[in-house]
Amino acid sequence: MILRTKTAPTAKAPSLKQREERGWLWSLLLGLGILGLIATIPWFGDSSALHTWTLILMFVILAQSWNFIGGFTGYSAFGNVAFFGIGAYTTGLMLLSHQPFWLGLIADALVAALFAFLLGLPVLRLRGHYFAIATLGIAEALREFVAVRDIGGGGGGLMSLPLPSLDAYVGFFYAFLGLSLLCLLITVFLTRSRFGYALIAIRENEQAAEALGVPTYWYKVGSFVLSAVPTALAGGLYAYWATGFDPDTVFNVGISAEMVLLTYLGGSGTILGPLLGAIAFEYASFQLQTSGFSLHNTLLGLSIAIVTIFLPQGCVRLIQEFVRKPAPQSTSAHRLIEGVRRVRRFIAANGI
Amino acid sequence: MSDALSQPMASNSFGTNPSSAEQHNAPLLQLVDITKRFGGLSAVKDLSFSLQQGEILGVIGPNGAGKSTMVNLIGGSLAPTSGTIFYQGHDINRLPPHRRARLGIARTFQLTQPFIGLDIRENVMVGAFFGQRGLNRTGASRVADEVLERVNLAHKATFKGSQLTIADRKRLEIARALATNPQLLLLDEVMAGLTSTEVAQAVELIQQINKMGVTVLIIEHIVHAIATVSNRILVLHHGQKIAEDEPSQVLSDPKVIGAYLGERYAKERRAE
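Protein chains in written order, with my numbering: chain A, 9 to 360; chain B, 1031 to 1302.
Each hint should be verified, as a subset may be incorrect.
As the list claims (entries may be wrong) - Listed next, the stretches of chain A that the computed footprint assigns to chain B, with coverage defined by at least 3 CB atoms under 8 Å from CB atoms of chain B:
no., segment
1, 126-137
2, 192-202
3, 237-251
To be verified - Every beta carbon over 12 Å from chain A, so not counted as near; a handful from chain B, in silico:
no., residue
4, 1078
5, 1124
6, 1128
7, 1129
8, 1138
9, 1152
10, 1203
11, 1223
12, 1301
As the list claims (entries may be wrong) - Derived contacts from chain B toward chain A, CB cut-off under 8 Å, selection only:
no., residue
13, 1127
14, 1132
15, 1137
16, 1143
17, 1210
18, 1295
19, 1296
Rather than coming from a laboratory, the hints here were simulated on the basis of the structure.
Built from N, CA and C at the ideal position, the CB exists for glycine as well.
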């Protein structure tokens, strides 16, 4: 912070107009690069790698779309898995009634958007913990409803779908990849646009946002819908990809918790945070699972604790703090000291 | 006095479209018998006053007198228990804050809270985007730069909100509000915590803003500053108006001295 003051033009050059930061462009390019690298996996990897990375991409999408409501708007939606489940069951029902898959996905997006809108109207009048609890409750209620009414038709809500053809799995992979690319672009748009500024303003100070003319309520509903649609699409893709699932899988509260964790791990409200957080955590998690390590859930719980204590602003913000320009004419010793200071300041300013 | 003022406005409240000549004479803002109760406590009680286009109205009073509640009522974050607020002749009682902002009522907050996730220019752009209609990114950015220039923050346009001093935070509050292109600006203690040089700058800034045609309602504890800047001063005490007049009249009013200014202030003034 002190550094910024030093590097800024002083009174000597008041006419020098400060340039906008280009950080978003670098983030976008980096994000595209990462997705580009992942896109090569079907060529080089075996079928198990394809399976793993398909699921990782699914979690990337879930984290990215949770970021819209949780990261940008700052509303801790703890029931976003509801949209995942709605997506899975809507697409499933469409497939069972012999509709084409793409039509199923469209229906899935529309149903989820409508549900998010109708649900958002009452729950987005709530704030903080009340909002979190309300959304969590809705997701649980939906899971119960789908199980009791046996929506899947296989007993207890279980749904079995026709098997997709074998070469379709590469298609699923690219569908997930395309969806996460779309989410990346939406995220970049949010950091640069009127709509996104409104969401950030709501997160930082809802009253001030309202006083500046932001219709905060409708923007919150909008971001909730925006968050629901990719989540539901991921659910729809998952449904056909997995061919069989039950309410306990697709309405699993653990998925909601994971969306939050992955986003916070990477950095909520940032462009790359959810992407990096999801890739790093899920990859590590799959490696641990396949190596027979039984403490998978312990790792999950531990990382939630570590993130919230030490890095409530996520890894991306920590990196941003590091790559900020140092003061001109500083020696390498100065830079080292300043680097240590920045990390200490970052940690001290965030929680403990 | 309040009754006399409220009479001509009352006719406007019934949806009649006042002609432009009438609008010129009609007050920009008028509060009619506004009461706000929080449980058993009346934060504002039977308050009536009006504000003419182009005026600077100062509001003073001891802590807890209801000044900030009054700003919240005008800005729309609180709804009055009874009474009506007219703006440009229209009853705005039921409008939410963002609608009032679009009608041209802008405000600052006593506790400055910049949007720390955005830089200074982007903070101001929020006001431009939502207070004014149909601005694209370039347009909003241009408005923001103009406003930042005016409040002397242009050289810090890419700073983060957390990097600002108190004086700059206050400037940012004003800049955000100005970017909405307001008719009426409500300033809630924008000079609190400033040094005397900064107070002088703030007074000058407010006068400049007023010269551009913005009507100003300003709450302040710094008596000499508010006396300099205001055309009229309204004094609140226990939520009620105890005086409303020109600064020199108000500041020598025994009731005001008793309730707010204190005997020491009165003596100093006499000595001058």
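Each hint, compared with the structure:
no.: 1; hint: 126-137; in the structure: violated (count 0)
no.: 2; hint: 192-202; in the structure: holds (count 3)
no.: 3; hint: 237-251; in the structure: violated (count 0)
no.: 4; hint: 1078; in the structure: holds, 24 Å
no.: 5; hint: 1124; in the structure: holds, 15 Å
no.: 6; hint: 1128; in the structure: violated, 5 Å
no.: 7; hint: 1129; in the structure: violated, 8 Å
no.: 8; hint: 1138; in the structure: violated, 9 Å
no.: 9; hint: 1152; in the structure: violated, 6 Å
no.: 10; hint: 1203; in the structure: violated, 9 Å
no.: 11; hint: 1223; in the structure: holds, 18 Å
no.: 12; hint: 1301; in the structure: holds, 39 Å
no.: 13; hint: 1127; in the structure: holds, 4 Å
no.: 14; hint: 1132; in the structure: holds, 5 Å
no.: 15; hint: 1137; in the structure: holds, 5 Å
no.: 16; hint: 1143; in the structure: holds, 4 Å
no.: 17; hint: 1210; in the structure: holds, 6 Å
no.: 18; hint: 1295; in the structure: violated, 33 Å
no.: 19; hint: 1296; in the structure: violated, 37 Å
The structure fails to meet hints 1, 3, 6, 7, 8, 9, 10, 18, 19 from the earlier list, while all remaining hints are met.
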